[in-house]
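K.L.:
Here's the letter readout for the chains.
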Amino acid sequence: SQKIEQNSEALNIQEGKTATLTCNYTNYSPAYLQWYRQDPGRGPVFLLLIRENEKEKRKERLKVTFDTTLKQSLFHITASQPADSATYLCALDRGFNKFYFGSGTKLNVKP
Amino acid sequence: DTAVSQTPKYLVTQMGNDKSIKCEQNLGHDTMYWYKQDSKKFLKIMFSYNNKELIINETVPNRFSPKSPDKAHLNLHINSLELGDSAVYFCASSQGGKGDTQYFGPGTRLTVL
Chain Y
1 SQKIEQNSEA
11 LNIQEGKTAT
21 LTCNYTNYSP
31 AYLQWYRQDP
41 GRGPVFLLLI
51 RENEKEKRKE
61 RLKVTFDTTL
71 KQSLFHITAS
81 QPADSATYLC
91 ALDRGFNKFY
101 FGSGTKLNVK
111 P
Chain V
1 DTAVSQTPKY
11 LVTQMGNDKS
21 IKCEQNLGHD
31 TMYWYKQDSK
41 KFLKIMFSYN
51 NKELIINETV
61 PNRFSPKSPD
71 KAHLNLHINS
81 LELGDSAVYF
91 CASSQGGKGD
101 TQYFGPGTRL
111 TVL
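Protein sequence lines, in the order shown, are assigned to chains Y and V. So in my numbering, spot 61 of the first sequence is number 61, and the numbers just go up one at a time. So in my numbering, spot 93 of the second sequence is number 93, and the numbers just go up one at a time.
Simulated from the structure, these hints should not be mistaken for lab results. Built from N, CA and C at the ideal position, the CB exists for glycine as well. Be careful, since some hints might not be right.
With beta-carbon atoms standing in for the labels, derived distance ranges [as the list claims (entries may be wrong)]: (1) Y:THR78 to V:HIS73: 37 to 45 angstroms; (2) Y:THR18 to V:THR59: 37 to 45 angstroms; (3) Y:GLU52 to V:ILE55: 18 to 26 angstroms; (4) V:THR111 to Y:ASP67: 35 to 43 angstroms; (5) Y:ASN7 to V:GLN95: 29 to 37 angstroms; (6) Y:PHE96 to V:SER65: 17 to 25 angstroms; (7) V:GLN14 to Y:GLU52: 42 to 50 angstroms; (8) Y:HIS76 to V:SER20: 40 to 48 angstroms; (9) Y:LYS55 to V:ASN79: 34 to 42 angstroms; (10) V:LYS98 to Y:ARG61: 26 to 34 angstroms; (11) Y:ARG61 to V:ASN79: 42 to 50 angstroms; (12) V:LEU54 to Y:GLN14: 47 to 55 angstroms; (13) V:LEU54 to Y:PRO40: 26 to 34 angstroms; (14) V:SER20 to Y:GLN14: 40 to 48 angstroms.
Under the rule of at most 30 angstroms between Cα atoms (straight-line distance), these lysine-lysine pairs were calculated in the DSS-like manner [as the list claims (entries may be wrong)]: (15) V:LYS41 to V:LYS52; (16) V:LYS67 to Y:LYS106; (17) V:LYS52 to Y:LYS59; (18) Y:LYS98 to V:LYS98; (19) V:LYS19 to Y:LYS110; (20) Y:LYS106 to V:LYS9; (21) V:LYS9 to V:LYS67; (22) Y:LYS55 to Y:LYS3; (23) Y:LYS110 to V:LYS52; (24) V:LYS36 to Y:LYS59; (25) V:LYS19 to V:LYS41; (26) V:LYS98 to V:LYS67; (27) Y:LYS3 to Y:LYS57; (28) Y:LYS3 to V:LYS98; (29) V:LYS9 to V:LYS22; (30) V:LYS19 to V:LYS40; (31) Y:LYS59 to V:LYS41; (32) Y:LYS71 to Y:LYS3; (33) V:LYS67 to V:LYS41; (34) V:LYS52 to V:LYS67; (35) Y:LYS71 to Y:LYS17; (36) Y:LYS59 to Y:LYS71; (37) Y:LYS71 to V:LYS40; (38) V:LYS52 to V:LYS71; (39) Y:LYS55 to V:LYS98; (40) V:LYS9 to Y:LYS71.
Please construct the entire structure, taking both the sequences and the accompanying hints into account.
P.N.:
Take a look at the structure:
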């Protein structure tokens, strides 16, 4: 069955540094991969989508890479700010509008 | 304006009861979903509807019955609630295209005592 792994331990970084979060998956080759942000007590909010034929995607301070050989996506936040503190979820497209979500990595950015 | 709304926000009930959660989206989307997020934060798809038709039923117990009166609404009815049903339930919607962005509601925290 499909397995998606995100680092379950919280990532603590200093403000201004680059945060890098990892999403690893097995047993499937998704056509799309998405990253979402979830704040406590709220629903996930879409951030970025990357397609299997794209190596990298950027949006402002966010960058996502997608390595289909390694079956891995990296999510980077440059010049991180305390307001970036949240849980970040990756989601793989299984087709037919069905997504598998990882359990998320909690990011803490300290001032 | 709230894009995807759910009611209630919190639901506390006894085992064996029947309860419903309502969801509405005003984005004009064709596809709506129900997800369950457990205590370990895994977000797992339960159902998906496209234009009021069920397209995904992810081996959810038949105590859970979704109902879509129109494409803007997808309600979730749960019979004979069990302790293990305690979780946060999220409604979401999307336009329905490949890899399409999903818009999530604020969630309903269900606690079964």
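K.L.:
Of the hints given before, which are not true for this structure?
P.N.:
Hint check: 9, 16, 17, 19, 23, 40 fail, others pass.
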